[in-house]
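Novice: One letter stands for each residue in the lines below.
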Amino acid sequence: MRFDYLEPHTIKEAVSLLSTYNGQAKVIAGGTDLMNLIRTKMIKPEYIVDIGHIAGLDYVKYGDKGALSIGALTTIRAIEMSAQLKERHPVVSQAAGQLGSMAIRNVGTIGGNLCNAAPCAETAPSLIGLGAALKIVGPAGERTVTLEDFFTGPGQTVLQRGELVVEIQVPSQPPHTRGVYLKHSVRGTEDLAIVGVAAIATLEGERCRNVKIVLGAVAPIPMRARNAEGKLEGKEIDDALIENAAQAASDESQPITDVRASADYRKEMVKVFTRQAIRGVVPTPMHRAFCGTG
Amino acid sequence: MKQLITLRVNGIDEELYVEPWWTLSRVLREELDLIGTKEGCGSGDCGSCTVLIDGKAVMSCLYLAMKARGKNIMTIEGLNGENGALHPLQETFIEHFAVQCGYCVPGMIMTAKAMLDENPKPTEEEVRTGLSGNLCRCTGYVKIVEAVLSSAEKQGN
Ligand SMILES: Cc1cc2nc3c(=O)[nH]c(=O)nc-3n(C[C@H](O)[C@H](O)[C@H](O)COP(=O)(O)OP(=O)(O)OC[C@H]3O[C@@H](n4cnc5c(N)ncnc54)[C@H](O)[C@@H]3O)c2cc1C
Ligand code: FES
Ligand code: FES
Chain A
1 MRFDYLEPHT IKEAVSLLST YNGQAKVIAG GTDLMNLIRT KMIKPEYIVD
51 IGHIAGLDYV KYGDKGALSI GALTTIRAIE MSAQLKERHP VVSQAAGQLG
101 SMAIRNVGTI GGNLCNAAPC AETAPSLIGL GAALKIVGPA GERTVTLEDF
151 FTGPGQTVLQ RGELVVEIQV PSQPPHTRGV YLKHSVRGTE DLAIVGVAAI
201 ATLEGERCRN VKIVLGAVAP IPMRARNAEG KLEGKEIDDA LIENAAQAAS
251 DESQPITDVR ASADYRKEMV KVFTRQAIRG VVPTPMHRAF CGTG
Chain B
1 MKQLITLRVN GIDEELYVEP WWTLSRVLRE ELDLIGTKEG CGSGDCGSCT
51 VLIDGKAVMS CLYLAMKARG KNIMTIEGLN GENGALHPLQ ETFIEHFAVQ
101 CGYCVPGMIM TAKAMLDENP KPTEEEVRTG LSGNLCRCTG YVKIVEAVLS
151 SAEKQGN
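These protein sequence lines map, in sequence, to chains A and B.
Heads up: the first sequence at position 273 corresponds to 273 in this note's numbering, and the numbers run straight through without jumps.
Heads up: the second sequence at position 115 corresponds to 115 in this note's numbering, and the numbers run straight through without jumps.
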């Protein structure tokens with residue numbers, strides 16, 4: 001391990017350093033991913049640009065109309081613990097709480113989790129499901145990219161040289177929108193996900209709308225299970241529909257076999273966890289009969 | 001090239017020269033001789049290198065020393081009870097035989113301290129979850145969990 005350490009204090013300075021050192025510099029936020037990449041010699045950057053000294057990128061805030069913005073340097077732990085998020089976007093804090101151990105969450109940032117672009121990135125499925133977008137600043141100025149279009153492959157994103165993610169923006173959700181994120185792993189939060197599933201839906205009476213099923217760790221990038229969503233959209237949900245949707249999600253997932261699990265096992269688990277996630281979001285007739293309106 | 005930095009460790013300002021790629025665990029152990037902090041995996045998975053930075057548990061093996069400037073770093077050497085006695089966590093680890101080879105213990109205790117500072121009355125489940133990033137290959141965890149719960153009780157009195 002060997003590099004020079006640069007510490008910009010503004011976004012502009014960071015962008016300019018990254019452009020100057022053209023391809024030889026890497027951004028570090030918390031470093032929980034980057035330090036391991038460097039340590040194992042997966043990458044050998046000559047310069048490390050520490051964006052941790054840039055003030056004002058660490059926040060969770062709500063606009064007048066309920067739109068949520070999260071600064072890129074906000075730690076995963078702050079997102080997990082945020083009282084506002086727990087109340088208004090619980091699925092985001094719930095997903096954050098499943099990323100690594102407390103000591104990793106204390107240092108790792110949301111910007112880092114997304115920019116590292118692991119197919120299993122814990123915060124991605126729920127944010128994609130909520131329609132999040134990223135504010136990106138670079139040498140050519142500012143742009144916004146939806147999170148769904150952000151990932152291009154394992155470890156790959158649309159970020160161009162010199163660009164930084166500065167904010168995660170989540171549009172306000174219609175009333176009665178609910179979400180659940182489930183992580184399946186061997187060692188609880190400590191281990192990376194074998195399968196991650198976010199289910200989000202708006203309940204309009206008995207019907208469910210804006211259904212989003214987003215899968216992690218079972219494709220080169222976090223992916224929407226559109227066929228599964230289609231099975232549920234606008235419908236009154238019952239067990240048969242849930243079964244169809246879970247099967248559809250399993251069919252459209254494209255997992256690989258790796259140290260954590262085989263592709264076949266992952267496909268099976270997509271079914272199991274999609275079923276469970278939908279049940280967590282939408283009360284079925286059986287559930288309503290026993291638990292009131294749910 | 002080495003740079004002169006100041007790190008505030010256990011309440012003392014330490015001036016030292018570091019390479020920009022040195023991790024905090026390396027600096028603590030090899031430059032400051034604070035070898036209570038252990039390095040097991042070096043990849044953030046085992047928790048044996050846990051120290052407190054501004055009161056929060058952090059894996060020092062993945063944390064650049066450069067990042068720790070201007071912050072309060074606390075290692076196991078800085079932990080003590082009133083009037084130089086052992087800290088209640090250290091006492092209960094001894095009382096409950098929660099130490100075998102001892103390699104995981106500094107990390108366990110620092111993590112437990114951060115956890116109890118935030119949540120002084122944890123349930124057993126919360127203790128287990130809180131310590132899930134710290135591996136112990138000897139004790140089987142039962143006695144460690146007992147020690148942390150018993151320390152919480154003592155500190156509550
Ligand atoms: C033991 C362990 C367990 C883990 N468990 C999980 C887990 O269960 N689930 C999970 O999803 N992850 C897990 N991780 C991975 C990691 O902790 C998270 O992805 C974390 O959120 C990364 O944030 P960071 O700030 O540390 O990123 P860094 O390591 O600082 O950066 C990661 C990447 O993103 C780039 N980057 C960072 N911020 C920006 C920005 N604002 N703009 C542009 N580029 C940027 C960096 O250049 C780098 O390529 C684990 C890691 C460890 C070591
Ligand atoms: S040595 Fe740091 S977590 Fe294992
Ligand atoms: S006592 Fe030996 S690793 Fe925990």
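Just so you know, the hints here were simulated from the structure itself, not pulled from any lab data.
Among the hints, erroneous ones may be present.
[Said to hold, decoys possible] Derived DSS-like pairs (lysine-lysine); straight-line CA-CA distance at most 27 Å: (1) B:K2 - A:K26; (2) A:K44 - B:K121; (3) A:K61 - B:K56; (4) A:K26 - B:K71; (5) A:K12 - B:K71; (6) A:K41 - B:K2; (7) B:K2 - A:K86; (8) B:K56 - A:K26; (9) A:K41 - A:K86; (10) A:K235 - A:K267; (11) B:K121 - B:K56; (12) A:K61 - B:K2; (13) B:K56 - A:K86.
Novice: Could you check the structure against the hints above and give me the numbers of any it violates, in ascending order?
Specialist: 2, 7, 9 and 12
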